[in-house]
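Visitor: Sequence:
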Amino acid sequence: MEIASFVLEVCFWLLLLGAVFFLILSIIYMDFMIFICGILMVISSILLACEFRLKVYDYFMKKD
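For the sequence shown, counting from 1, position 58 maps to 58 in the working numbering; every step adds exactly one.
Honestly, the hints are just simulated from the structure, not real lab data. Any given hint could be a false lead.
Unchecked claim - Here are the simulated distance ranges between beta carbons:
#, residue 1, residue 2, range
1, I27, I3, 35 to 45 Å
2, D31, A4, 33 to 43 Å
3, D31, F6, 13 to 23 Å
Values in this document were obtained by computation on a predicted structure and should not be read as measured data. Heads up, the beta-carbon is just placed ideally off N, CA and C, and yes, glycines get one too.
Can you make the complete structure from the sequences, with help from the hints?
Guide: As structure tokens, then:
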């Protein structure tokens, strides 16, 4: 189970870094489609963290 959690964590960070890269490209080239792809990648990385309850999700969604 720990290995699967690690793989999902790596996928989350790769997806998030890819999204940031796409957003930077959209600013440089002023292309709306690249911007939409970047936003969709950000949304999907957040959904991945919520769905599989990654450590990132636990860090940001702690109940006091």
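Visitor: With reference to the structure, classify each hint as holding or not holding.
Guide: Do the hints match the structure? See the list:
Taking 35 to 45 Å as the suggested C-beta distance range, the pair I27 and I3 conforms, at roughly 37 Å. One distance hint, 33 to 43 Å for the beta-carbon pair D31 and A4, holds here, with the actual separation near 36 Å. Taking the beta carbon of each, D31 and F6 are about 34 Å apart, not inside 13 to 23 Å as hinted.
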